[in-house]
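Undergrad: Chains A and B supply the protein sequences, listed in that same order.
Going by our numbering, the letters in the first sequence line up with residues 15 to 412, in that order.
Going by our numbering, the letters in the second sequence line up with residues 11 to 403, in that order.
Note that these hints are calculated values from the structure, not bench results.
Yeah, the Cβ is synthetic: ideal placement off N, Cα and C, and Gly gets one too.
Among the clues, some could well be false.
A few chain A positions that, by computed beta-carbon distances, are all more than 10 angstroms from chain B [unchecked claim]:
#1 Gly148
#2 Ile215
#3 His292
For the chain A half of the interface with chain B, some residues (derived, Cβ under 8 angstroms), not all of them [to be verified]:
#4 Asp152
#5 Trp175
#6 Ile218
#7 Ile290
#8 Glu303
#9 Glu350
#10 Gln354
#11 Leu357
#12 Val358
#13 Glu359
#14 Glu360
#15 Leu373
#16 Val382
#17 Arg389
#18 Ala390
#19 Ser397
With a Cα cut of at most 16 angstroms, we get these calculated EDC-like pairs of lysine to aspartate or glutamate [stated by the list, open to error]:
#20 Lys380(B) with Glu294(A)
#21 Lys271(A) with Glu339(A)
#22 Lys298(A) with Asp376(B)
#23 Lys138(B) with Glu217(B)
#24 Lys138(B) with Asp284(A)
#25 Lys209(A) with Glu137(A)
#26 Lys126(A) with Glu137(A)
#27 Lys276(A) with Glu376(A)
#28 Lys271(A) with Asp305(A)
Read off the chains here:
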Amino acid sequence: MYLSFTSEELRFRDEVRAFIASHLSPELRRASSLNVSFFSDPDIVAPWQQALHERGWVAPGWPQEHGGPGWSAAQRWIFESECARAGAPQLSPMGIKMVGPVLMRFGTTEQKNFYLPRILSGEDRWCQGYSEPGSGSDLASLKTRAVRRGERYIVNGTKIWTTHAHFANRMFALVRSSDEPRQQDGISFLLIDMKSPGITIRPIMMISGDYDVNQVFFDDVEVPVANLVGEEGRGWTYGKYLLEFERGGGVNSPKLKHALEKVRLLANSDLSCRAISHPEIASKLSEIELDLQTLEFAELKVLSALQRGENPGPVSSVLKLRASEIHQAITRVGVEIVGQNALVEETRRPLHALENEPLIPEDVLSVVPRHLNGRANTIFGGSSEIQRDIIARQVLGL
Amino acid sequence: MDLGPTEAQQMLRHSIERFVAEHYDSAARRHAMRAPEGFKRDNWRRFADLGWLGLPFAEDIGGFGGGPPEVAILMEELGRGLATEPYLSTVLLGGALIAQCGSEEQQGILLPAIMNGELLLSFAHHEKDARAGLSAVRTMVRSEDQGWTLHGRKIAVLDATSADVHLVSARLPDQQGRGLALFLVPKDAAGVRLREAPRLGGGRVAELIFEEVRLPANARLGTRADVLPAIEAVIDRAIAALGAEAAGLMRAMFDATLAYTKVRNQFGRPLAANQVIRHRLADMYIQCEEAQAMAARAALLIGNEANATERSLLASGVKVKIGRAARYVAEQAVQLHGAMGVTDELDLGFYFKRLLVFEALFGSVDFHLKRHAALFGNSPPGMRSNDVPVIHF
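Isolated chain A, as found in the complex (with noise of 0.2 angstroms):
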C-alpha cells in the first residue's frame, strides 16, 4: 500500500496544469466560480470542452477506441484533480458520463459511431428523462409509454426534474413499452430527439432562482425503432448501469475539495471581517475537512481497486451519501462565515455577468444560492433515504 505518484504520473501532473494554465482564461473561471448551479451553463461549457477536445481529453473515463485519452485510474484521479483545483468548468455528465458508458456497452454498432462522436465534440447535447411526478424514489413506477407502430414508437407522458432539457437536443429516456407483472420488466431505454414534434418543455424555477431543471411532455412524439437501446424490455437493466455511474463513477472528492477551500478563503478574508477568527468557525471548517480527506482516501481505495482489476462493490452508495452530506456542510458553512450578508437575495443570472454592481461582493453573493441548491444533494440521483437502504439492502443483506 502506497499513496505517491510515480514520476511518470507527476510528468503526467504538470502537463495538465501547464494544459490549464494556457486554456483557461481568468473569465472563464470567474464565470465557473459564480455558477452556483450543478451543472454550467453552456457558454461556460462550450469554449472549455473545445479546448479539452482539441486535446482529446473530453471524456477521461473512455477507452481510447471511442475517442478517450485511455488513462488509468490514476491519471483520472490527477486530471479530476487538477481541473477542480484550478475551479474550470464541469462538462455536461449527462453524455460523457451517464448515456455515453451505455451506449458503449449496449449500444449498436451505428448508435455507437454516431452518437459517441458527437458527445465528445459537444455538437449533441443531452437531457436523462428518468423521473416522472409519481416516480420519484420508485423510479420503476414510471407510466411514460412507448407503443411500437411499425418502425416508430408512439410516445406519451412527461418526465420531470430535467435538467438542461431547454439546453439539450437529445434525450435519453426510460419508457414502458409494456405492462408485466414485475414493473421493472417493460421498461425500455430510448434516445429522443428534442426537437420532435409533440415535445413541449415547461421551465421549473428552483427556490434559489436558478432555472435548471423542466417538466417534459410528450405527446404522440414519434421515435424511430433504430432509437432503442438494447433490447426492447430490458431498459432497467441499462437505467439501473446508468445510475450506477451516477452515483459513484466519478470522484466527487476533487471539487468538494475546491469548495471547501473557497468556503475557507472566504473566512480568511475581510469579505467576511475574518470568520475564522471565531473559533467555531475554524472548528466547523476543520471537521469538513476531516470528512473530506476520509471521502478522499475512499474515493482513492475505490480507483486503487479497479486500478488492479478488482471490482470495488456496492461502496458507491455510502461514497454519494457522503458527498452530498459533505456538500451540504460546505454550503452551510458558508453561510455561516458571510453573516448577515446572507439576508442579500440575489435571483439574477448569470452572476458573472449581472447588468449592474450587486449590493454585496460577487463572492459573497454566490454563497446562499449555492447552499439553496445543495439542498438537493441529498435528494437527486437516488435520495440519502434510498441510499441507506440500498446500504442495508445490498451490503448488509438486511
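Position chain B relative to chain A; hints supplied.
TA: Just chain B now, kept in the frame of chain A:
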C-alpha cells in the same frame, strides 16, 4: 399559574389568523414581494386600522398596551403567513427605540405617526466590521452650527427602501469614542445614499451611506450619554419576537410536510408509512414543540426581567434553541418533499429562506451560545442579580 392564553390574547390570535387567511395566499404574497418596497402599503394601513402598529405601546399614548406575549402572537401568525411588512423595523426596533430613548416631544410626535401607519422606519446600526457585535460602530457624528454632521456606512439595514426616516447609530466625539447616540435621518436628507436589494425570503435589505449629512439639533434621539444598553435591550426583545415568528414558520413547514408525506405514494404506499420517515416527522414535531415552548417562555419573561443579564440570557436562549430547531425542521421539510422541496413551485422555499434570515439576524447560534455561556456558566451559585456584569456584544 395559568399558562393558557387570556381571552384578549385568543381574540388577537383569531383576528390575525383571519387576516392572514384573507390576505396572504401564495399568489398575493408573491405579488407583494415583487413590489418595489417588498410589501403592500394597503396591508400596512390595515395593520394600523386593526391596532397592531400600536400593539406594544402604552395605552396613555394611544397604544394597545400589549407586551411581549401579544407581540409574540402577532409575529407567530404573521410568520405562518410569510408576511413581509416592516413590522420588525418600524415597530419592534424603531418604535421601541423611540419609546425608550426619545424625548417626550419626540415620542409625542413620532409614536402616533408610527401607530397610524404614516411613519415607516429603518434601524441602521450594523456595519461592515460588526458580524454580531453591537458595539462595533464607526459611523461618526460631530456637533456643528447648532446641528450635527453624520458620516459613515451601515449594512444589512432592513426595510430601508420604504423607510421615511432612518434611525442611525453614531459615535459622539466628546466621549473618547465610547458614547453611542441615535439620530433621526430623513430619507431624502442631502448626502444619504441608499443601495438596496431583495431580502432573502421577502422584503428588502440595504446599505446606507451617509456622506457629511447635515442634521438639525433635534435630530438626536433623546439625550442619553450612551444608547448602547438601550439598543441591546431593544434587540434582545426583538429576538424574542423573532423567535415566535420562527416558531410559526417552523410549524407551517412541519404541517406541510406531514400532509405531503401522507399523500405522496412511492413503492405502493405513502412516504409516511416508512419508519424512517415517521421517526423524522416525530423529531420535527418535537423540535416545533420545543421552539414554541421556548418562544412562549421568552415572551412571558422578557418583559419582566429583573436585570439586563436575565434579559440577555432569555434572548440568547431563544437564538440557540430555536435557531437549531429551525435548521433541523427547515432542512428536513425540504428533504422529505424531495425534488419538489427545492423548487419555487411550493411556498416551502420562502419558509426555508425566512428561517435562514432568523439565523443570520442579530448573531448566529454559536455567537449566542457563547454569550449565554459567558453570562450563565460564569455566574456564582444562585446568582441572579445586577451584580452580574452585562456582557456587551
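Undergrad: Against this structure, judge whether each hint is valid.
TA: Do the hints match the structure? See the list:
1. Distance to chain B contradicts Gly148(A) as a non-interface residue, since its nearest Cβ pair spans about 7 angstroms, not more than 10 angstroms.
2. The beta carbon of Ile215(A) sits about 15 angstroms from the closest Cβ of chain B, which is more than 10 angstroms, so the claim that it is off the interface holds.
3. Distance check for His292(A) against chain B: the nearest CB is about 7 angstroms away, which does not clear 10 angstroms, and the non-interface claim fails.
4. The beta carbon of Asp152(A) comes within 4 angstroms of a beta carbon in chain B, closer than 8 angstroms, and the hint placing it at the interface holds.
5. The interface hint given for Trp175(A) is met, as the beta carbon of that residue sits about 5 angstroms from the closest beta carbon of chain B, less than 8 angstroms.
6. Look at Ile218(A): its Cβ gets to within about 5 angstroms of chain B, closer than 8 angstroms, so that hint holds up.
7. Checking Ile290(A) against chain B by beta carbon gives a least distance of about 12 angstroms; that is not within 8 angstroms, so the hint is violated.
8. The interface hint given for Glu303(A) is broken, as the beta carbon of that residue sits about 18 angstroms from the closest beta carbon of chain B, more than 8 angstroms.
9. Given the 8 angstroms rule on beta carbons, the hint for Glu350(A) holds: about 6 angstroms separates it from the nearest Cβ of chain B.
10. Because the closest C-beta pair between Gln354(A) and chain B is about 4 angstroms apart, less than 8 angstroms, the hint holds.
11. Because the smallest distance between the Cβ of Leu357(A) and any Cβ of chain B comes to about 5 angstroms, under 8 angstroms, the interface hint for this residue holds.
12. Checking Val358(A) against chain B by beta carbon gives a least distance of about 5 angstroms; that is within 8 angstroms, so the hint holds.
13. With 8 angstroms as the threshold, the beta carbon of Glu359(A) comes within range of chain B, its nearest partner Cβ sitting at about 4 angstroms, so the hint holds.
14. At its closest, the beta carbon of Glu360(A) sits 7 angstroms from a beta carbon of chain B; the interface hint therefore holds under the 8 angstroms criterion.
15. Hint on Leu373(A) holds. Least Cβ distance to chain B is approximately 4 angstroms, under the 8 angstroms limit.
16. About 6 angstroms separates the beta-carbon of Val382(A) from the nearest beta-carbon of chain B, less than 8 angstroms, and the hint is met.
17. Taking 8 angstroms as the C-beta contact cut-off toward chain B, the hint placing Arg389(A) at the interface holds, the least distance being around 5 angstroms.
18. Here the hint on Ala390(A) is kept, as its CB sits about 5 angstroms from the closest CB of chain B, short of 8 angstroms.
19. A distance limit of 8 angstroms between C-beta atoms decides the matter here; for Ser397(A) the minimum to chain B is near 7 angstroms, and the interface restraint holds.
20. The hinted pair formed by Lys380(B) and Glu294(A) meets the criterion: a straight-line CA distance of about 10 angstroms does not exceed 16 angstroms.
21. Taken as a hint, the Lys271(A) and Glu339(A) pair is honoured in the structure, with Cα atoms around 14 angstroms apart against an allowance of 16 angstroms.
22. For the suggested pair Lys298(A) and Asp376(B), the alpha carbons sit about 11 angstroms apart, so the restraint of at most 16 angstroms is met.
23. Distance restraint check for Lys138(B) and Glu217(B): the Cα-Cα separation of roughly 10 angstroms lies within the 16 angstroms cut-off, and the hinted pair is therefore satisfied.
24. Restraint check: the Cα-Cα separation between Lys138(B) and Asp284(A) comes to about 9 angstroms, which is no more than 16 angstroms; the hinted pair holds.
25. Distance hint between Lys209(A) and Glu137(A) is fulfilled; the C-alpha atoms sit about 14 angstroms from each other, no more than 16 angstroms.
26. Taking the CA atoms of Lys126(A) and Glu137(A), the gap is near 15 angstroms; set against the 16 angstroms cutoff, the hint holds.
27. With a CA separation close to 13 angstroms, the supplied pair Lys276(A) and Glu376(A) stays within the 16 angstroms bound.
28. For the given pair, Lys271(A) sits about 11 angstroms from Asp305(A) by alpha-carbon distance, which is consistent with the 16 angstroms threshold.
The earlier numbered hints that this structure contradicts are 1, 3, 7 and 8.
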